[in-house]
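Start from chain A and add chains B, C and D according to the hints.
Here are the chains, one letter per residue:
Protein chains: 4
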Amino acid sequence: MLSFENDYNKGAHPKILEALLKTNDTVLSGYGEDQFTKSAKQKIKEACGLPEAEVYFLAGGTQTNMIVISTMLRDYEGVVAAVTGHISQHEAGSIEYSGHEVLTIPEHQGKMLASELEAFIKDFYADENHEHMVFPGMVYLSHPTEYGTLYTKEELTAIHKVTEAYEIPLFLDGARLGYGLMSDDTDLTLKDIAELTDVFYIGGTKVGALCGEAVVFTKKNMPAHFVNSVKKRGGLLAKGRVLGVQFDTLFTDDLYFEISRHAILMAEKLKDLLKKKGYRFFLESPTNQQFVILKNDEYERLRKEVALSFWEKIGDTETVVRFATSWATTDEELERLEEIL
Amino acid sequence: MLSFENDYNKGAHPKILEALLKTNDTVLSGYGEDQFTKSAKQKIKEACGLPEAEVYFLAGGTQTNMIVISTMLRDYEGVVAAVTGHISQHEAGSIEYSGHEVLTIPEHQGKMLASELEAFIKDFYADENHEHMVFPGMVYLSHPTEYGTLYTKEELTAIHKVTEAYEIPLFLDGARLGYGLMSDDTDLTLKDIAELTDVFYIGGTKVGALCGEAVVFTKKNMPAHFVNSVKKRGGLLAKGRVLGVQFDTLFTDDLYFEISRHAILMAEKLKDLLKKKGYRFFLESPTNQQFVILKNDEYERLRKEVALSFWEKIGDTETVVRFATSWATTDEELERLEEIL
Amino acid sequence: MLSFENDYNKGAHPKILEALLKTNDTVLSGYGEDQFTKSAKQKIKEACGLPEAEVYFLAGGTQTNMIVISTMLRDYEGVVAAVTGHISQHEAGSIEYSGHEVLTIPEHQGKMLASELEAFIKDFYADENHEHMVFPGMVYLSHPTEYGTLYTKEELTAIHKVTEAYEIPLFLDGARLGYGLMSDDTDLTLKDIAELTDVFYIGGTKVGALCGEAVVFTKKNMPAHFVNSVKKRGGLLAKGRVLGVQFDTLFTDDLYFEISRHAILMAEKLKDLLKKKGYRFFLESPTNQQFVILKNDEYERLRKEVALSFWEKIGDTETVVRFATSWATTDEELERLEEIL
Amino acid sequence: MLSFENDYNKGAHPKILEALLKTNDTVLSGYGEDQFTKSAKQKIKEACGLPEAEVYFLAGGTQTNMIVISTMLRDYEGVVAAVTGHISQHEAGSIEYSGHEVLTIPEHQGKMLASELEAFIKDFYADENHEHMVFPGMVYLSHPTEYGTLYTKEELTAIHKVTEAYEIPLFLDGARLGYGLMSDDTDLTLKDIAELTDVFYIGGTKVGALCGEAVVFTKKNMPAHFVNSVKKRGGLLAKGRVLGVQFDTLFTDDLYFEISRHAILMAEKLKDLLKKKGYRFFLESPTNQQFVILKNDEYERLRKEVALSFWEKIGDTETVVRFATSWATTDEELERLEEIL
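Chains as they are written, first to last, in our numbering: chain A, 807 to 1147; chain B, 807 to 1147; chain C, 807 to 1147; chain D, 807 to 1147.
Only chain A is shown next, with the shape it has when bound in the complex (with noise of 0.2 angstroms):
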């Protein structure tokens, strides 16, 4: 069936998959000590323009989400995102699990509002009875949100700036962090990424790799044995090769860049389509997710067949959906999407 499910639904980009081939009966160490994994690591902080930084990769978003905020929070602290975040809602509870809570602050189309975490925290401070309650102790943001739409430039620096302030680290969850970077409408690069955050993490899983995400530490502040804490958590990976190589591969020659690029030019298309068929749109998103108001039998039609996301219900006539682009995304499914709309 077609499908605008999401941005997983296909395997691998097939240099990724040649690469795997190429170098199969290589004899490698385990536990991400193999070259691959070291040139992927070296690549990845040549783009970031980070010589200085600490590179690792996870197999995926949830258990880097976990994985990242459980070690770098203190015992007493929590996690703050927007209510929308996905640690929030979509990851099981996965951040409780391991033992902290994630403090919410209000959302506007998937964005926080520096001025209203900063109110946040200071509020915290304010309450003369934070010594019981959790303290924050880092700030999570997706970019691209959940909803697809992007921080600008001066939007992160404030937030940057608060975290900066109340020294507490400043994380952002680049599952699509490709999709960010090559939309049309963003004016930050990668370079200010690294410069403006503590730690995040560049998707693979969503961009183009079998699985992946690789999580860059900016401040010489990885935690310390880190790669313990990674077992501990059940998230180390015997063959490492399998994301070093995948993630070598995706940082040689800018095939990262190059196929976030695509998808952003296939969801140009989309969005045009879906206009052009009086689609309303939830919001407007600069990036591969975009968000449709249906009525619930239109859906209940649709969905027969497109594969469609489920995004939310309106009362009870109406649903949002997502239709999203990906790496893979091909002409012709946009023109057969285009004979069943």
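Keep in mind that a hint or two might mislead.
No copy is singled out in the list; a pair is fine if it fits within one copy or between any two copies.
Unchecked claim - Below are the DSBU-like pairs computed for lysine-lysine, each with C-alpha atoms no more than 30 angstroms apart in a straight line:
1) K959 to K1081
2) K1110 to K928
3) K967 to K1119
4) K1081 to K928
5) K828 to K959
6) K1101 to K851
7) K849 to K967
8) K844 to K1075
9) K967 to K1081
10) K1101 to K928
11) K844 to K821
12) K1110 to K828
13) K928 to K959
14) K1025 to K928
15) K851 to K928
16) K1119 to K1025
17) K1082 to K1110
18) K1026 to K928
19) K1075 to K1025
20) K1119 to K928
21) K967 to K1075
22) K928 to K1075
What the hints contain is simulated information worked out from the structure, not anything from laboratory work.
Then chains B, C and D, alone, in the frame of chain A:
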């Protein structure tokens, strides 16, 4: 200094100390296997009208909430609470420490609405992605609430119907239960509460004991080997007698109710006094906690003479403070307060 | 460099990569809801002779052990393992991270004895203080063990009888199960294992896959909402196909067994070679891991030319090392080893 | 019934009850911010000869062990203990509940040897795979041990040297510290212990208090925002005065030492009596716990008249039982015991 700061600023009711003294030389088994603990359990079951109930004594409120919730939730579940619920704000993230999320719904003067609770659960199951989200596995409410307000029998019955329909336990935090039961403005009896909840606790720390809360499992639903889970969480006292003797005293000759009633009478006098003096109330509370809005400078002046509880800021110029009476409040204290105001 | 370091130092079996390539463009649902995952599950159930079994794919061994154990144990329970069990020594405390203790009993060349297991459990219940101790709530064993040894059918049956008598699940860690099943020295079949255990897993990572372990719940005992618990622990891959396609390939035309057999044949040749060269064996292993005692200087010399696995020190002068063959070991590698030795 | 079952089978020392009574009407701040708690801390610091120490009161032993250990360990660390250490056997897995492993080394009449401790840590770092194993991050010992035995100054100094060399804290569980300090057979003073450990606690529950343990951080090493971590684990009492007043009393006019000495004198009499009657001792204990080997039928007969503590079975015919004296044991009780024996 004169204090209306809280309901735990004095020791224990004299009869409790007397009982501790009287039983002091008696050799007793440890860990709650003593005769006073057994007698106390029996008396509580009778007061609840529930001969089949299981009663267990713990030392404090946060501990009780954490132990009850974390032993009753399944792995994939969280607990639903009003956003102002004590577990959600003022317990340092102890539910999260146990690996579970607190799922928040709106509050109305500290109370949740059955309709909003039901909508929350319904929406959860209507969400096509709910298998990746934290399941609502229990409902937590406090009675009196953190704002001193009370559920009516109709309201609690409506919430009970929701939890019954979804087959999840309803847990009532009764840290100040006595003050709720003895309010003039309630139609809920202890037996009603025992009938309408799956588990609740009768607070001792704030109602005349040195420490101690009596958990009542109303449906033969005490978790298996509960004593083990209590010890695992550090909550088992070697001298279980300390809790047993206290609750045995509190539930002899209706002492618990009598001293709770005293606090209510004192609260009524306090309310009259505050009204007479022209203070603005933050909300109407029928129990022992009274919330008043003060100008910040007034607050600063007043707190030099009377210990009060900071509640929250309203903008930059006003502060909500709490006056609390208790089983130990004296007429003399009210008179001194009148002089100061 | 020549390597007998472990059984995960090369990529995947060519047929697996081929299948990944072939299915790469197929649009599939995420999170294990795809047709290849379903097909793989079906094939595994057939291979186990258990049409009613439930099969679930996870990415790695530590993750699998942690998820299975922590979702099946009750709050007051721990898991019993031989002191050399992988969960007890080499998984960075991941079972403890999940809140449960590993209760250790003696090992005999890596194996536990049914008699000692039974005595341990009996003693636990005979201890009058056992309500304050961690209850034995599951038994964990690895087959092959960490020392390459194998349980006989009689031994596994005896252990099964103990766990059945005490109504606790028996969990078999089959990270290298293929190598155990294809050994010349075993009378245990896959069907026997499915019958004698409550849950076990069929290792992929060490037997030809890029990553992946197939957990088999044999008694309709998969924990409710297991996918949620998996996600909560960071173990859910968005592209579940990665695991599904691999296991579908491994269980087509007996590939899993065939490549396991290859490793055993290579191990037999290796053993002969080592014996011929006069090496002293630490113990007699019938599977793909061979343990040899080397003088420390010999070890230092050898490791410059052949990658080996450090196992343990014996006093100050000797070291136990592990040689491992795998599905990917070649005759040429054995020849090169012979030259070096 | 006559009882030598344990040292917590009576209430509190009369002076403690008297002090609770005397301070009962005094209005005090909650959560340990009261003047009695401050005074108690000051007296304990003086008794320890450590003006810079930080003292914190908790309610019980398991709670104290769990809170101290889990707040001081780093993510990748576990705590080393003798295999008979209380945390390893009799605390329902509470250290594991906090996410950390108890790493066990051999015991010798309840004690660990510095040499075996050092070997254990050395071996850990010598193991080439140790990055995948739980790091030894703290050493736990009890003094007196679970068998009533005591470390000599030389032994404790040797252990201290090991922990100092590896820069990990040494934690001494002093649940029965008074009985150790007042033994005839010790050369360790309270000041020695304060000097040789990084953190330890002075037990109250078993030495005359209703409940309560005084944790002493000796090196300005109390974890940041400790009160928050305590609350998070359910260990914060609203009426901190209950602990403060008790310890203030115990450390006034050497009461703690005086009542501990009484228990030792009673133990010496008990020992003489048991020897006279021909009982076989399981080991030689210089403190208030005495372990005796009884034939099973003898045990069954005796326990009908005297409450004793089951310790362990020896084969099928004998049982080790514990007789304990305490601050509250009377000469009359010893006389009654003599009659019975």
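Do the hints match the structure? See the list:
1. K959 to K1081: within (28 angstroms within a copy, 53 angstroms between copies)
2. K1110 to K928: For K1110 and K928, only the inter-copy Cα distance (25 angstroms) is at most 30 angstroms; the intra-copy one is 50 angstroms.
3. K967 to K1119: between (36 angstroms within a copy, 25 angstroms between copies)
4. K1081 to K928: neither (43 angstroms within a copy, 32 angstroms between copies)
5. K828 to K959: Cα proximity of K828 and K959: none, with 40 angstroms in one copy and 42 angstroms across.
6. K1101 to K851: neither (47 angstroms within a copy, 42 angstroms between copies)
7. K849 to K967: within (28 angstroms within a copy, 45 angstroms between copies)
8. K844 to K1075: The answer is neither: 38 angstroms in one copy and 34 angstroms across copies each exceed 30 angstroms.
9. K967 to K1081: neither (38 angstroms within a copy, 46 angstroms between copies)
10. K1101 to K928: Classified as between; 20 angstroms across copies, 43 angstroms inside a copy.
11. K844 to K821: The answer is both: 19 angstroms in one copy and 27 angstroms across copies each meet 30 angstroms.
12. K1110 to K828: Between copies only: 26 angstroms across, 40 angstroms inside.
13. K928 to K959: Classified as within: same-chain Cα gap 23 angstroms, cross-chain 39 angstroms, threshold 30 angstroms.
14. K1025 to K928: within (25 angstroms within a copy, 32 angstroms between copies)
15. K851 to K928: neither (35 angstroms within a copy, 36 angstroms between copies)
16. K1119 to K1025: Neither way: K1119 and K1025 sit 42 angstroms apart in one copy and 36 angstroms across, limit 30 angstroms.
17. K1082 to K1110: For K1082 and K1110, only the intra-copy Cα distance (22 angstroms) is at most 30 angstroms; the inter-copy one is 67 angstroms.
18. K1026 to K928: both (28 angstroms within a copy, 29 angstroms between copies)
19. K1075 to K1025: neither (39 angstroms within a copy, 51 angstroms between copies)
20. K1119 to K928: between (35 angstroms within a copy, 11 angstroms between copies)
21. K967 to K1075: neither (37 angstroms within a copy, 50 angstroms between copies)
22. K928 to K1075: The answer is neither: 44 angstroms in one copy and 36 angstroms across copies each exceed 30 angstroms.
Hint violations for this structure: numbers 4, 5, 6, 8, 9, 15, 16, 19, 21, 22, all remaining hints satisfied.
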